[in-house]
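Q: All letters in the sequence shown, in the order written, are residues 1 to 66 by the working numbering.
Hints are computed from structural coordinates only; laboratory data are not their basis. Here the structure is a predicted model, which means the values were calculated and not measured. Incorrect hints may appear among the rest.
As the list claims (entries may be wrong) - Distance condition first, Cα-Cα at most 35 Å in a straight line; then the derived DSBU-like pairs of lysine-lysine:
(1) K32 with K9
(2) K55 with K9
(3) K55 with K32
(4) K32 with K48
(5) K48 with K9
(6) K37 with K25
(7) K37 with K9
(8) K25 with K55
(9) K25 with K48
(10) K25 with K9
(11) K37 with K55
(12) K48 with K37
Said to hold, decoys possible - Derived CB-CB ranges, DEER-like:
(13) K48 with S12: 20 to 26 Å
(14) E56 with L35: 28 to 34 Å
(15) G10 with S47: 15 to 21 Å
(16) D60 with K32: 16 to 22 Å
The beta-carbon is built from N, C-alpha and C at its ideal position, and this holds for glycine as well.
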Amino acid sequence: MEHVLLNVKGMSCGHCVNSVEGAVKTLGAAAKVDLAKQSVSIDYDASKISLAAIKEAIEDQGYDVV
């Protein structure tokens, strides 16, 4: 398992949290958003999911991964 902490700009409410966590979950990874810090902590299997795919899934929800 790999662990990464990504800074995600544009999140402001519970709906944002659910959107980001849900997008990452659909890939088979676990995500925990910290709204106050504008970040998401992700645990994933790098042999099955790429970091680029995770970032793309978040960006597809309308947020910026920086």
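Q: Now, for every hint given, state plainly whether the structure supports it.
A: Quick rundown of the hints versus the structure:
no., hint, result
1, K32 with K9, "holds, 15 Å"
2, K55 with K9, "holds, 12 Å"
3, K55 with K32, "holds, 14 Å"
4, K32 with K48, "holds, 19 Å"
5, K48 with K9, "holds, 26 Å"
6, K37 with K25, "holds, 20 Å"
7, K37 with K9, "holds, 10 Å"
8, K25 with K55, "holds, 12 Å"
9, K25 with K48, "holds, 13 Å"
10, K25 with K9, "holds, 19 Å"
11, K37 with K55, "holds, 17 Å"
12, K48 with K37, "holds, 28 Å"
13, K48 with S12: 20 to 26 Å, "violated, 31 Å"
14, E56 with L35: 28 to 34 Å, "violated, 21 Å"
15, G10 with S47: 15 to 21 Å, "violated, 30 Å"
16, D60 with K32: 16 to 22 Å, "holds, 19 Å"
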